[in-house]
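Protein chains: 2
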Amino acid sequence: MALIVQKYGGTSVGSPERIRSVAQRVAKYKSQGHQVVVVVSAMSGETNRLIALAKEIQKHPDPRELDVVISTGEQVTIGLVSMALMEQGLKAKSYTGAQVKIHTDSAFTKARIASIDEENIRTDLANDYVVVVAGFQGMDEAGNITTLGRGGSDTTGVAIAAALRADECQIYTDVDGVYTTDPRMVPEARRLKSITFEEMLEMASLGSKVLQIRSVEFAGKYKVKLRVLSSFADEGEGTLITFEENNKMEQAIISGIAFNRDEAKITVRGVPDKPGIAYQILGPVSEANIDVDMIIQNVGVDGSTDFSFTVHRNEFNKTLDILKGKVQPHIGARDVIGDNKTAKVSVVGVGMRSHVGIASKMFRTLAEEGINIQMISTSEIKISVVIDEKYLELAVRILHKAFDLDQEAI
Amino acid sequence: MALIVQKYGGTSVGSPERIRSVAQRVAKYKSQGHQVVVVVSAMSGETNRLIALAKEIQKHPDPRELDVVISTGEQVTIGLVSMALMEQGLKAKSYTGAQVKIHTDSAFTKARIASIDEENIRTDLANDYVVVVAGFQGMDEAGNITTLGRGGSDTTGVAIAAALRADECQIYTDVDGVYTTDPRMVPEARRLKSITFEEMLEMASLGSKVLQIRSVEFAGKYKVKLRVLSSFADEGEGTLITFEENNKMEQAIISGIAFNRDEAKITVRGVPDKPGIAYQILGPVSEANIDVDMIIQNVGVDGSTDFSFTVHRNEFNKTLDILKGKVQPHIGARDVIGDNKTAKVSVVGVGMRSHVGIASKMFRTLAEEGINIQMISTSEIKISVVIDEKYLELAVRILHKAFDLDQEAI
Numbered sequence: 001m002a003l004i005v006q007k008y009g010g011t012s013v014g015s016p017e018r019i020r021s022v023a024q025r026v027a028k029y030k031s032q033g034h035q036v037v038v039v040v041s042a043m044s045g046e047t048n049r050l051i052a053l054a055k056e057i058q059k060h061p062d063p064r065e066l067d068v069v070i071s072t073g074e075q076v077t078i079g080l081v082s083m084a085l086m087e088q089g090l091k092a093k094s095y096t097g098a099q100v101k102i103h104t105d106s107a108f109t110k111a112r113i114a115s116i117d118e119e120n121i122r123t124d125l126a127n128d129y130v131v132v133v134a135g136f137q138g139m140d141e142a143g144n145i146t147t148l149g150r151g152g153s154d155t156t157g158v159a160i161a162a163a164l165r166a167d168e169c170q171i172y173t174d175v176d177g178v179y180t181t182d183p184r185m186v187p188e189a190r191r192l193k194s195i196t197f198e199e200m201l202e203m204a205s206l207g208s209k210v211l212q213i214r215s216v217e218f219a220g221k222y223k224v225k226l227r228v229l230s231s232f233a234d235e236g237e238g239t240l241i242t243f244e245e246n247n248k249m250e251q252a253i254i255s256g257i258a259f260n261r262d263e264a265k266i267t268v269r270g271v272p273d274k275p276g277i278a279y280q281i282l283g284p285v286s287e288a289n290i291d292v293d294m295i296i297q298n299v300g301v302d303g304s305t306d307f308s309f310t311v312h313r314n315e316f317n318k319t320l321d322i323l324k325g326k327v328q329p330h331i332g333a334r335d336v337i338g339d340n341k342t343a344k345v346s347v348v349g350v351g352m353r354s355h356v357g358i359a360s361k362m363f364r365t366l367a368e369e370g371i372n373i374q375m376i377s378t379s380e381i382k383i384s385v386v387i388d389e390k391y392l393e394l395a396v397r398i399l400h401k402a403f404d405l406d407q408e409a410i
Numbered sequence: 001m002a003l004i005v006q007k008y009g010g011t012s013v014g015s016p017e018r019i020r021s022v023a024q025r026v027a028k029y030k031s032q033g034h035q036v037v038v039v040v041s042a043m044s045g046e047t048n049r050l051i052a053l054a055k056e057i058q059k060h061p062d063p064r065e066l067d068v069v070i071s072t073g074e075q076v077t078i079g080l081v082s083m084a085l086m087e088q089g090l091k092a093k094s095y096t097g098a099q100v101k102i103h104t105d106s107a108f109t110k111a112r113i114a115s116i117d118e119e120n121i122r123t124d125l126a127n128d129y130v131v132v133v134a135g136f137q138g139m140d141e142a143g144n145i146t147t148l149g150r151g152g153s154d155t156t157g158v159a160i161a162a163a164l165r166a167d168e169c170q171i172y173t174d175v176d177g178v179y180t181t182d183p184r185m186v187p188e189a190r191r192l193k194s195i196t197f198e199e200m201l202e203m204a205s206l207g208s209k210v211l212q213i214r215s216v217e218f219a220g221k222y223k224v225k226l227r228v229l230s231s232f233a234d235e236g237e238g239t240l241i242t243f244e245e246n247n248k249m250e251q252a253i254i255s256g257i258a259f260n261r262d263e264a265k266i267t268v269r270g271v272p273d274k275p276g277i278a279y280q281i282l283g284p285v286s287e288a289n290i291d292v293d294m295i296i297q298n299v300g301v302d303g304s305t306d307f308s309f310t311v312h313r314n315e316f317n318k319t320l321d322i323l324k325g326k327v328q329p330h331i332g333a334r335d336v337i338g339d340n341k342t343a344k345v346s347v348v349g350v351g352m353r354s355h356v357g358i359a360s361k362m363f364r365t366l367a368e369e370g371i372n373i374q375m376i377s378t379s380e381i382k383i384s385v386v387i388d389e390k391y392l393e394l395a396v397r398i399l400h401k402a403f404d405l406d407q408e409a410i
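Same order as they appear, the protein sequences are chains V and F.
Just so we're aligned, residue 1 is where the first sequence starts under my numbering, counting upward by one.
Just so we're aligned, residue 1 is where the second sequence starts under my numbering, counting upward by one.
These are calculated hints, taken from the structure and not from any lab test.
A quick note: this is a predicted structure, and the numbers were derived from the prediction, not measured.
Treat the hints loosely; a few may be bogus.
To be verified - Computed beta-carbon distance windows for the label pairs:
id: 1; chain 1: V; residue 1: Lys-223; chain 2: F; residue 2: Lys-318; range: 47 to 53 Å
id: 2; chain 1: V; residue 1: Lys-223; chain 2: F; residue 2: Ala-142; range: 58 to 64 Å
id: 3; chain 1: V; residue 1: Gln-374; chain 2: F; residue 2: Lys-91; range: 41 to 47 Å
id: 4; chain 1: V; residue 1: Arg-261; chain 2: F; residue 2: Met-185; range: 58 to 64 Å
id: 5; chain 1: V; residue 1: Arg-261; chain 2: F; residue 2: Glu-217; range: 48 to 54 Å
id: 6; chain 1: F; residue 1: Asp-291; chain 2: V; residue 2: Asn-120; range: 30 to 36 Å
As the list claims (entries may be wrong) - Heads up, simulated SDA-like pairs for lysine to any residue below, C-alpha to C-alpha not over 25 Å straight-line:
id: 7; chain 1: F; residue 1: Lys-55; chain 2: V; residue 2: Ser-15
id: 8; chain 1: F; residue 1: Lys-59; chain 2: V; residue 2: Lys-101
id: 9; chain 1: V; residue 1: Lys-101; chain 2: F; residue 2: His-60
id: 10; chain 1: F; residue 1: Lys-55; chain 2: V; residue 2: Thr-11
id: 11; chain 1: V; residue 1: Lys-55; chain 2: F; residue 2: Asn-48
id: 12; chain 1: V; residue 1: Lys-30; chain 2: F; residue 2: His-60
id: 13; chain 1: V; residue 1: Lys-101; chain 2: F; residue 2: His-103
id: 14; chain 1: F; residue 1: Lys-318; chain 2: F; residue 2: Pro-16
id: 15; chain 1: V; residue 1: Lys-28; chain 2: F; residue 2: His-103
id: 16; chain 1: F; residue 1: Lys-318; chain 2: V; residue 2: Glu-56
id: 17; chain 1: F; residue 1: Lys-59; chain 2: V; residue 2: Pro-16
id: 18; chain 1: F; residue 1: Lys-101; chain 2: F; residue 2: Asp-167
id: 19; chain 1: F; residue 1: Lys-91; chain 2: V; residue 2: Glu-56
id: 20; chain 1: V; residue 1: Lys-91; chain 2: F; residue 2: Ala-107
Claimed, not checked - Calculated Cβ distances over 12 Å to all of chain V for the following chain F residues:
id: 21; residue: Glu-17
id: 22; residue: Leu-53
id: 23; residue: Glu-56
id: 24; residue: Lys-59
id: 25; residue: Asp-62
id: 26; residue: Glu-65
id: 27; residue: Lys-93
id: 28; residue: Ala-142
id: 29; residue: Ile-145
id: 30; residue: Phe-243
id: 31; residue: Tyr-279
Glycine included, C-beta positions come from ideal geometry on N, C-alpha and C.
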């Protein structure tokens with residue numbers, strides 16, 4: 001008997017029929033003697049509908065009130081899923097984030113989980129209930145409703161699994177695992193049987209979108225066994241996320257090509273080259289709760305340098321305003337420029353640690369197609385480049401082929 | 001400066017445009033120096049949509065989970081209304097029932113308010129906030145979400161007004177006051193400038209549908225000054241509900257004709273005529289949380305009697321099942337029969353206390369049109385009859401005319 005947390009995304013609970021199918025899968029696990037906690041997202045389209053409604057009232061919806069509105073999406077799902085479980089003859093009980101209680105900070109629309117009271121869930125599980133928890137939401141210290149930001153339901157799933165010390169956290173989605181790249185862009189993309197935690201972290205943060213990055217961080221921190229599965233296929237073992245390199249079954253050098261279309265590039269030019277300058281630039285950005293992705297600063301010339309970073313495209317104008325209003329006059333930089341028609345492509349793989357020439361192969365492949373590289377950033381297991389958005393599909397396809405990702409590893 | 005609670009029903013917040021119009025009215029009151037608490041229903045159609053969704057999953061939705069689902073309707077509205085108030089330049093803050101906290105019993109889908117913590121609302125009001133509270137919902141002792149049943153938002157409005165000792169509770173709806181009868185049925189119906197609490201109680205319980213009965217009871221109990229107004233008309237003073245008979249401005253004998261189309265009639269025949277029998281019949285019905293309206297028991301003949309009562313049409317089959325299954329064999333009654341094609345019509349007025357002949361005039365009027373009376377029940381200020389549903393419109397129209405309700409009182 002195992003304790004399993006299953007997280008279902010929006011498309012997996014997108015209709016009464018889909019919800020019944022979720023209940024049937026849960027019933028199968030229950031009949032095998034497992035305890036099951038189900039974490040659910042809002043029905044697909046619902047969160048967008050609610051955001052659109054809010055924007056009809058207020059162009060930039062108040063974050064606290066927006067969270068009150070959009071958190072209803074998951075609340076509807078938990079009730080419906082609980083009913084569907086009862087129809088399968090199971091005992092079921094729903095919990096909103098506040099009811100659990102999932103304590104978060106007060107950063108409305110992008111809150112972070114601080115702690116989880118798992119006591120009531122444990123009692124319910126012991127009494128043979130399937131517990132159904134609303135993903136994506138929590139409650140701050142003052143009792144305000146918060147949400148965790150897009151994809152936050154994955155984080156809820158993993159956090160609940162960590163709090164309960166669950167045997168496995170299964171993330172059900174509309175794909176049946178992690179692929180070498182997005183199969184919608186490259187038909188030859190293959191499903192990976194396993195991927196290391198670090199690769200997954202890079203894949204997720206770079207935009208593979210199968211799992212939200214924070215959920216993978218959480219899983220790594222609390223050693224939660226994480227598996228990505230399809231809620232549309234009855235069988236299949238999905239992709240297991242492992243925490244040790246040598247557990248990896250496929251020993252390819254490169255595991256996948258990740259990409260992110262929503263990247264906007266910002267450069268602060270003529271920055272005095274002195275200590276503390278990076279903080280003076282990024283401090284105000286971070287205070288505005290804007291997530292920064294790549295950060296690049298080259299060596300200075302004549303006591304001044306250029307400082308570049310990328311943010312989500314939606315935050316582009318807000319970030320420019322902050323830099324031009326607060327930062328540039330303060331630090332005496334020459335100029336702030338930006339481009340929101342860029343995209344990021346990355347090759348990811350733990351294998352590159354022990355293999356040279358990955359970077360040069362990547363750059364040569366892009367150069368042969370005449371794709372100009374605007375920024376480069378590397379870590380131990382990935383190399384990322386920022387390019388013109390219009391070359392994104394081409395870049396992903398040629399890199400996928402160049403690194404033989406369309407063929408099974410030996 | 002007054003403290004005003006304004007309750008807006010579903011049609012009053014049925015679209016972004018309507019919500020903006022609510023915010024504008026609140027801003028007008030704020031600019032006059034008043035403190036305002038706004039209590040809102042779900043946007044029109046939303047509760048029905050959610051119930052239909054639940055019924056797609058479970059034919060008879062689990063009450064606890066149904067409350068989890070349908071309480072989201074008001075939660076969306078409080079967020080949107082708060083945003084609209086901010087757009088008017090006001091400070092605003094929303095509260096779900098659980099956040100207030102509005103404590104209720106655990107009778108899911110028809111819970112009753114036990115107490116209200118008004119401390120946080122008071123603090124917000126003192127800090128110049130408009131407080132926006134979700135109607136229709138609360139939280140039981142265990143932290144479960146509960147709802148108060150149809151029309152429960154009125155009750156929330158009055159209960160909040162009582163807890164805050166507000167100067168006035170304004171109920172905004174799609175009609176501009178209380179009429180002598182439903183103007184959709186009788187075009188000659190007139191708006192009453194005031195109506196006594198007792199009359200209102202009879203009108204509401206008998207199906208006039210302007211206010212929910214529990215809200216009027218609450219208002220009476222806590223002496224809340226209650227006013228019914230239209231949210232679609234900018235001016236107009238609506239109908240004031242008064243608590244003393246001599247405050248009544250219009251001294252008509254009869255104030256209005258109330259009716260209820262959703263009445264189902266049930267008769268237990270051949271009941272042994274002995275003490276405790278009424279309890280033995282209605283106890284199990286009440287335990288199943290079914291509201292009973294009229295109750296009639298005539299004198300017995302030969303040690304046995306017939307016992308009749310009415311319930312909401314939706315509860316008809318459930319009630320029959322209970323009576324046939326549990327009650328009839330237990331008490332040894334001869335038969336249980338029922339009819340769900342009935343309707344109730346009542347004449348209401350404090351004036352009938354001091355005027356004889358009201359009943360006979362009512363019965364004669366119906367008889368002249370050949371309408372058979374199936375049941376009669378009377379109180380000090382109303383006379384109700386149950387008739388065949390198909391005669392309902394005719395009965396209301398002829399009674400409205402017979403009691404001169406189409407003419408201004410002297």
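query = Of the hints stated earlier, which fail here?
reply = 2, 5, 8, 9, 14, 15, 16, 21, 22, 23, 24, 25, 26, 27, 28, 29
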